[in-house]
Structures are given as structure tokens and as C-alpha cells.
Amino acid sequence: MVTDFQRLVEALSGGRVDYVVIGGVAMVLHGSARTTQDFDICYERAPANLQALAAALAPFQPRLRGAPGDLPFRLDAATLRSGLNFTLSTDLGDIDLLGEVTGVGGYGELMHEAIWMDLYRQRVAVMGLGSLERAKRSTGRLKDLADLAEIQEIKRRRPS
Amino acid sequence: MVERAWTDEILEKIPSGIDVSQIEDRLRLTPTERIERMRQFLLSLETARTPRGHGLPAPR
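Just so you know, the protein sequences line up as chains A and B, in that order.
Quick note: the first sequence uses the working numbering, first residue -19, plus one each step.
Quick note: the second sequence uses the working numbering, first residue 92, plus one each step.
For reference, chain B alone in the conformation it holds in the complex (with noise of 0.2 Å):
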């Protein structure tokens, strides 16, 4: 008989939250578009982090 770890029996009872769309979505990609899709997201958040990519002006 197989223990139940306490991991089990948490994602039993807490809904995971998690969108399967987007796992579908990633399914759909080569391995390579996979990485490139979240290097591509990654990217564009650095570039909203940045003072210009919020549209503001540079620190002096």
C-alpha cells in the first residue's frame, strides 16, 4: 500500500487555482517556443520595470 504524503491531501482539498488553458496552450509549442514564450514574458516585464517602459522619464 502506497503512503499518502500530506501534499496529497492538501491538493485534494484546496482548489489548485491553477488555468489549465494555459498548459494546453504550452502543450501546443515545441520545447524551444516554450522557453522563448516565458523568456519573451520575462523580457517584457524587465522592460516594464524599466522608467521608460512606463512611459515616465529617466531618474537624473
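Just chain A, with the same shape it has in the complex (with noise of 0.2 Å):
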């Protein structure tokens, strides 16, 4: 299944969530040519936003990605006050949840550099191309050096 981003986008920012977008479809939206199936983001943890966020997902059976289906779980504010990071799977694709990005901190920190961008028809944050190369580094992961040339490249080429 293709995740449909123009639904998550239209959930949540039509459910008034605070929530940046990361990883690499923030990658896709700066120019990268690379592909990926995730839509990631970092969301604020005021209680009002975790309120709005797994309201904004609830139609679309949130679950957790790769566990058991008879697994327990509902995604209330509850269930987001007690964690941080959840990979999860819905009806309309996976999304990654981040309260921290590590290397760069939570919404507040991303905030600071985020771009906004119309998405969908939506006024989207999203994470800024220093705050992606922070991340990528701090990952050490030899797969986010493709994504750290990548991003000298756009970086070089975007309109100042």
C-alpha cells in the first residue's frame, strides 16, 4: 500500500494539530529525488495537541506497526503523554510519531528552523534543511550519508 499523504496532511492540519514534517518526506519536500513510504513527524506534547493529534488519527485505526494484531493498544493522549516515539501503522499508511529528533531536540527546537510550505492546500511546517543535516549526522548511520550529500546538492541549488 501507498501511504496517502494528502489525507494524513488534510487529518492533521485540519484537526489543528501542531506537528512538523521530518524525515524523508520533509527530504522530498526540500527537492530530494529519493523515495519513501513513512510519513514522519514531530509533534508538540502540550496536552491540548496530544488531544488533537490522536483525534485527528483515530478514524484511520492507528496500530502499532509490526505487532500482533490482537496486541492492545489505543492511541489516546494518554497513551502519548506516556511515551514518545511511536512507529505506527493506519488506513492510510505509516506514520512515525517523534516528540524528539534526535540531534536537534523537540518541536519547539524544530520549530526555530522549520520552512512553512503549502501542502495539499495546507500551511505545513516543515523541518528546515540545517536541522535535517544535524539530524543525519548525529545518526552515524552510513545510510543518511547519501542523504547528507543530498542535501549539500539542494542546498547549492535552491533559490536564495
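Please note that a few of the clues may not be correct.
What the hints assert, rightly or not - A partial selection of chain B residues facing chain A, derived with a Cβ cut-off under 8 Å:
(1) Arg125
(2) Leu133
(3) Leu134
Stated by the list, open to error - Coverage of chain A stretches by chain B, computed from C-beta distances (three or more under 8 Å per stretch; other residues unrestricted):
(4) 3 to 9
(5) 126 to 133
Calculated directly from the structure, the hints in this document are not laboratory data.
For each residue, glycine too, the CB sits at the ideal point set by N, CA and C.
Please assemble the complex out of the two chains, which come individually in their own frames, going by the hints.
Put into C-alpha cells, the structure is as follows:
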């Protein structure tokens, strides 16, 4: 199944969730030619936002990715408050909810460098290239080297 | 003085292999078009992976 990015964005933004698009989709939004199936976001952890996030995803049956189908799981504000990062599957595709991004920080830190973009007629905050670069460097994974090289090429070519 | 990361040394010594024409192509699109371009590619891959996508008979 290919992730329905449009409906995920509409659900989150329509539900007035405070979030920043991060990861591979953020790379693509900045101009990367890579592909990804995951929709990754960093969410703000204020109680009202946890409720808004859980309510926005509820119609799409969020469940723990890779967990047995009969494992009891309910995504609500209490669940979000007691955890930090969640890898979920939904009827619209996979979504990762991160409370913090390694090497950068939480929603507040990400918003310092976030770029606002029009995506599916919604105004969406997208992780900035500088933050993406720091996150990729901090992971130390070889596969992130390709992303780092691509970030450098995008920086050279994007309009100032 | 900024400390150089090990990743910087690798990036300098090994060609990245990145097709910059693809980046330039993407930068001409709107953000929504960039995501939709990727999604269409993923959909075509998914179609190709199915037996009918290969023109093969469906498994019994």
C-alpha cells in the first residue's frame, strides 16, 4: 500500500495539530529525489495537542506497526503522554510520531528552523535543511551519508 | 574552530553518485507536486510488483 500523504496532511492540519514534517518526506519536500513510504512528524507535546493528534488519527485505526493484531493498543492523549516516539500503521499508510528528533530536539527546537510550505492546500511546517543535516549527522548511520550529500546539493541549487 | 565530522571526510573522498539533474527537476516543482511525483513512482512500483503488472497470470 502506498501512503496517502494527502489525507494524512488534511487530517492533521484539519485537526489543528501542531506538528513538523520530518524525515524522508521533509527531504522530498525540499527537493530530494529519494522515495519514502513513511510519513514522519514531530509533534508538540502540550496536553491539548496530544488530544488533537489522537483525535485526528482515530478515524484511520492507528495501530503499532509490526505488533500482533490482537495486541491491545489505543492511541489517545494518555498513551501519547506516557511515550515519546511511536511507529504506527494506519488505514492511510505508515506514520511515525516523534516527540524528539536526535541531534535537534523537540517540536520547539524544530520550529526555530522550520519552513512553512503549501502542501495539499494546507500550510505545513517542514523541518529545515539545517536541522535535517544535524539530524543526519548525529545518527552516524552510513545510509544517512547519501542524504547528507543530497542536502548539500539542494543547498547549492535552491533559490536564495 | 568547527570540528570536522567523520562524515565530512567520507563525503569529500567518495563521489556521492547523486544525479543532480533530478534535484534540479524537483526544485522546479511545487512541494505538493514533489510529493505526488514520488507517490506516482511508488504506485507504479507497486503495480509492477503484482503478477498482473508483469503481464503474468495471477497465482491460483
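Cross-check of the supplied hints:
no.: 1; hint: Arg125; result: holds, 5 Å
no.: 2; hint: Leu133; result: holds, 5 Å
no.: 3; hint: Leu134; result: holds, 5 Å
no.: 4; hint: 3 to 9; result: holds (count 3)
no.: 5; hint: 126 to 133; result: holds (count 6)
Violated hints: none; the structure is consistent with every hint.
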